[in-house]
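**Student:** Given the sequences, and given the hints that come with them, work out the whole structure.
For the sequence shown, the numbering used here gives the first residue as 1, with consecutive numbering after it.
Calculated directly from the structure, the hints in this document are not laboratory data. One or more of the hints may lead you astray.
[As the list claims (entries may be wrong)] The calculated lysine-lysine pairs, modelled on DSS-like cross-linking and capped at a C-alpha distance of 27 Å, are: (1) 226 x 156; (2) 81 x 69; (3) 69 x 167; (4) 226 x 98; (5) 74 x 205; (6) 128 x 41; (7) 98 x 205; (8) 57 x 81; (9) 226 x 74; (10) 69 x 205; (11) 205 x 73; (12) 57 x 126; (13) 73 x 98; (14) 167 x 98; (15) 74 x 41; (16) 156 x 167; (17) 57 x 73; (18) 54 x 81; (19) 73 x 167; (20) 124 x 226.
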Amino acid sequence: MSLSKNGNNNEGNWISFSDIMTGLMVIFMFIAISFIVQVNKEKEERDIIFEEFKATKEMLYAELENEFKEDFKKWEVELDKDLSIKFTNPDVLFASGKSEIRPYFEDILNSFLPRYFDVLLQEKYKNKIAEIRIEGHTDTDAAPTYDRDPYIGNIKLSQERSAEVLKFFRLMDYYKNLEQETEFRLQFWLTANGLSYGRTIDDDKQLTSVSGNPPNNEYSRRVEFKIITTSNQLVDQVIKNLEK
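**Tutor:** Here it is as structure tokens:
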């Protein structure tokens, strides 16, 4: 009788242990499934962000190229896939140590700026653009009238160059006739940045930091327009999250 009771107790203990193990396995299975679902969801979200990033850049590039294809050849302007527009024609570039816009560059800006912003101010891009940068650049010559430190002096000079272009735009009738909401949007988007001689370009108009070639000082005294999309920021955030 006693043996029978012990046998029943052992069996009951074994069944309880089996139930516990089964329960744990079910819990671990649900945890694993939840993890896989979450990983897949994050991947899908990243894919959507990257696709939107690619589509927005391609659409903007195509519209800008279509609008300015012939003029860019005439003006010697380069449109890059990263949506930067480089003005490198020696006739429109700045004189060494100067920030004044030359008359021929004024003529180009009078044609370029209204059409450029007509593209960017389309309703479909309203929530796609985060920033429009006007970047001023210099050659490697010192700018002692601005600062004893050559790099800082050229920071100030290049900042003046980009600010002069932005000021020129704000004085145009096109800008003055914008609706207030559109003006506020541009004030939020537009920045004027001075990059000194940190991004000089060579005879082939390539960044010297990439090509390793000596800078062409004439080409380096330039202004660039660059579009930063909202997708750029999302992509940066995704990359940061992946690096954690």
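**Student:** Do the alpha carbons of residue 73 and residue 167 lie within 27 Å of each other, as the hint requires?
**Tutor:** holds (26 Å)
**Student:** If you draw a straight line from the CA of residue 57 to the CA of residue 126, is it 27 Å or shorter?
**Tutor:** Holds, because 14 Å separates the two Cα atoms, which is no more than 27 Å.
**Student:** Are the Cα positions of residue 69 and residue 205 separated by 27 Å at most?
**Tutor:** Distance ~19 Å between residue 69 and residue 205 Cα, so the pair holds.
**Student:** Holds or violated: are the alpha carbons of residue 69 and residue 167 at most 27 Å from each other?
**Tutor:** Measuring from Cα to Cα gives roughly 26 Å; hence the hint holds.
**Student:** Would you mind confirming whether the straight-line C-alpha gap from residue 73 to residue 98 stays at or under 27 Å?
**Tutor:** holds (26 Å)
**Student:** Does residue 57 pair with residue 81 here, judged by a C-alpha cut-off of 27 Å?
**Tutor:** holds (8 Å)
**Student:** Given the hint that residue 81 pairs with residue 69, does the C-alpha gap stay at or below 27 Å?
**Tutor:** holds (14 Å)
**Student:** Given the hinted pair residue 156 and residue 167, is their alpha-carbon gap at most 27 Å?
**Tutor:** holds (16 Å)
**Student:** Compare the distance between the alpha carbons of residue 226 and residue 156 with 27 Å, and conclude whether the hinted pair is satisfied.
**Tutor:** holds (20 Å)
**Student:** Hinted pair, alpha-carbon criterion (27 Å max): residue 98, residue 205. Please report holds or violated.
**Tutor:** holds (21 Å)
**Student:** Decide if the proposed pair is consistent with the structure: residue 54 and residue 81, CA atoms, cutoff 27 Å inclusive.
**Tutor:** holds (11 Å)
**Student:** Starting from residue 74, check that the Cα of residue 41 is at most 27 Å away, please.
**Tutor:** Cα-Cα ~48 Å, so violated.
Consistency with the previously given hints fails for number 15 only.
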